[in-house]
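> Sequence:
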Amino acid sequence: MEEKRFDPYQFIGFILIALILTWMLYNNNPENYPTEKDKVTNVEPDGNKKEIIDSETNKNSFINSSDDLANLFKKPSVDYEKIQNKKIELEVSTKGANIFKLRLKEFDNYEKSPLFLINEDNSDFNVEIFLSDGRILNTSEMYFIPQKENRDNNQVLTLKSKISENQYVSFVYSLSKESYFVDFNIKTQGVSNIISSKNPPKVTWKTNAFRNSKSIDYENRYTELTYGYESDKVDYLSLSGDDEELVEEVRWVSYRQHFFSSIIVPNNPFNKILMKSNDLAADKSLKEKYTKSFESEFYLDNKKGDLDSDFKFYFGPSDYQTLKNFNGDLEASIPLGWGIFGWINRFVFLPLFGFLSSFLPHGISIIIMTIIVRLAMSPVTYKSYVSQIKMKVLRPEVEEIAAKYKNDAVKKQQETMSLYTRAGANPLSGCVPALIQLPVFYALFTFFPVAFVLRQKSFLWADDLSSYDSIYDLPFNIPFYGDHISLFPILASIAIFFYTKMTTGQQPMPQQPGMPNMKVIMYLMPLMMLFFFNNYSSGLSLYYFVSNLLTIILMLVIKNYIIDNDKILEKIEENKNKPRKPGGFASRLQKAMEEAEKQKKSRKGYR
Numbered sequence: 085m086e087e088k089r090f091d092p093y094q095f096i097g098f099i100l101i102a103l104i105l106t107w108m109l110y111n112n113n114p115e116n117y118p119t120e121k122d123k124v125t126n127v128e129p130d131g132n133k134k135e136i137i138d139s140e141t142n143k144n145s146f147i148n149s150s151d152d153l154a155n156l157f158k159k160p161s162v163d164y165e166k167i168q169n170k171k172i173e174l175e176v177s178t179k180g181a182n183i184f185k186l187r188l189k190e191f192d193n194y195e196k197s198p199l200f201l202i203n204e205d206n207s208d209f210n211v212e213i214f215l216s217d218g219r220i221l222n223t224s225e226m227y228f229i230p231q232k233e234n235r236d237n238n239q240v241l242t243l244k245s246k247i248s249e250n251q252y253v254s255f256v257y258s259l260s261k262e263s264y265f266v267d268f269n270i271k272t273q274g275v276s277n278i279i280s281s282k283n284p285p286k287v288t289w290k291t292n293a294f295r296n297s298k299s300i301d302y303e304n305r306y307t308e309l310t311y312g313y314e315s316d317k318v319d320y321l322s323l324s325g326d327d328e329e330l331v332e333e334v335r336w337v338s339y340r341q342h343f344f345s346s347i348i349v350p351n352n353p354f355n356k357i358l359m360k361s362n363d364l365a366a367d368k369s370l371k372e373k374y375t376k377s378f379e380s381e382f383y384l385d386n387k388k389g390d391l392d393s394d395f396k397f398y399f400g401p402s403d404y405q406t407l408k409n410f411n412g413d414l415e416a417s418i419p420l421g422w423g424i425f426g427w428i429n430r431f432v433f434l435p436l437f438g439f440l441s442s443f444l445p446h447g448i449s450i451i452i453m454t455i456i457v458r459l460a461m462s463p464v465t466y467k468s469y470v471s472q473i474k475m476k477v478l479r480p481e482v483e484e485i486a487a488k489y490k491n492d493a494v495k496k497q498q499e500t501m502s503l504y505t506r507a508g509a510n511p512l513s514g515c516v517p518a519l520i521q522l523p524v525f526y527a528l529f530t531f532f533p534v535a536f537v538l539r540q541k542s543f544l545w546a547d548d549l550s551s552y553d554s555i556y557d558l559p560f561n562i563p564f565y566g567d568h569i570s571l572f573p574i575l576a577s578i579a580i581f582f583y584t585k586m587t588t589g590q591q592p593m594p595q596q597p598g599m600p601n602m603k604v605i606m607y608l609m610p611l612m613m614l615f616f617f618n619n620y621s622s623g624l625s626l627y628y629f630v631s632n633l634l635t636i637i638l639m640l641v642i643k644n645y646i647i648d649n650d651k652i653l654e655k656i657e658e659n660k661n662k663p664r665k666p667g668g669f670a671s672r673l674q675k676a677m678e679e680a681e682k683q684k685k686s687r688k689g690y691r
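Residues in the sequence shown are numbered from 85 upward in steps of one, following our numbering.
No false leads were mixed into what you were given.
Below are the SDA-like pairs computed for lysine to any residue, each with C-alpha atoms no more than 20 Å apart in a straight line: (1) LYS373 - LEU186; (2) LYS387 - LEU215; (3) LYS396 - TYR313; (4) LYS396 - ASP267; (5) LYS286 - GLU379; (6) LYS271 - SER281; (7) LYS166 - LYS189.
Label pairs and their calculated CB-CB ranges: (8) ASP567 - LEU358: 32 to 40 Å; (9) ASP319 - ASN351: 17 to 25 Å; (10) LEU640 - GLN168: 51 to 59 Å; (11) ILE456 - GLU195: 34 to 42 Å; (12) TYR383 - ASP567: 43 to 51 Å; (13) LYS495 - GLY325: 51 to 59 Å; (14) LEU640 - GLU333: 52 to 60 Å; (15) LYS317 - GLN168: 34 to 42 Å; (16) ASN355 - LYS166: 29 to 37 Å; (17) PHE615 - SER542: 23 to 31 Å; (18) LYS408 - ILE452: 22 to 30 Å; (19) LYS368 - VAL641: 49 to 57 Å.
Honestly, the hints are just simulated from the structure, not real lab data.
Glycine is no exception: its CB is placed at the ideal position from the N, C-alpha and C atoms.
Start from the sequences and build out the full structure, keeping to the hints where you can.
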């Protein structure tokens, strides 16, 4: 689904677009414009479709007169009309009745300039109307007459492309006072007898997603086409490379530009829709202006003759709570993680961080939330550290066993496991706490990059917690690192280094063949952190720095003020001398190893 390949649809589309552009250039020539009658005549159907233009059988058909058809292409006195509320501002062109400018009034882009989701022809919405005589009308080439009014506290903009007073195609945009949603209606009147009943009108909605963040690569990583289908399923097109899907029963389609979304919601699910996504970030000719291009193609229902289709557009922030307020699971377009990870984010971290940031600065909120998480995990940290201490106490005896049975790996493992069993220590007990913490830490890893509330919120030297915190811009680019130096990843890497050094210092056994070299890991993990997070959200790096710093402090407190090493040693000696009941993981593992050794010896004897 994600591999790059030759796309026949794109090739055919390119040829069609080239032909349409050629036709437009010729027919929009000012010298030819007055001869609209000639334009209509050139597409007059041949004799075998005579019945369609018979004035006796089609008295109300606009194609009775070429002058009527020409009305669709006559330019009105105004070029556009504007409607707005406190949140968004729309400018709708009279050519095509398209939104050609859409500004989110509450937000700026990374350059502190007005933030547009639609501007400079980056978006197009066209309806292809197939006529019974084989001709095609494209609404993007038709001219519409605008009429603006206030209706029930809503601003309503109606645009009509008139054939006559009772025959027209209309687009209606309706905007309430404080909403990111735009109600949209496509309607025709008096043309049902000339619209093809075999070929329903086709809608094409295209958008090139603008770059709105400092790092185009990071923003592109979270820019994607997402869609909801059937009753409760959600899926998306490829995050990397080009992709397309043909899907049935689609409830909504979202063009998510990391922190902002353009979403279309039909009144009734799309029976079938073709969705496409193309990566534009690597296209040098575009000068990092766009991240991805999105396109959707679907058909309108004209079984009753004239069109009357209702939609809702959402143009606004990719904010979980804002989208959740709309009854349609649009919040599922935000990637908070699958399974338990998404559950933790939705029901724990989103409410918790929302509460903290409602009265605290966002950077302080991250620190407080990190403290809460670490304190909640402190019992797990305690058990993990106690296990490490036990293994450290047993290390001399483990090394003696390793030296005694250095040429017999099976016997060495048997004696080691026997020692653990007698001492009441479990070599895997340190792994269990890590497994318990994994869902929490991974949930936070997915939470911070998509947390809209962090966008353009500053803390210390970081001017935007949703982006990287550059303290120095390099005059060159380092592969896999970037062209800048971020400080929070450096601090987080240092904290991880000391944390790893503390934990690897408790390792009970010397390096064995096939086992990872803990000293290598001790240096490799912080280095990977440094490279991986240099272009990531500084809020995420701040969390990892504070989290590892708190873990180090907790371990020092547990070591120096809570755990008594002498008592642990006494407990181990007591366990060694205490008769143990059969059972437990270690004893079962030992029995399995003994059985394997017996089978090995029996095979040797047989040979």
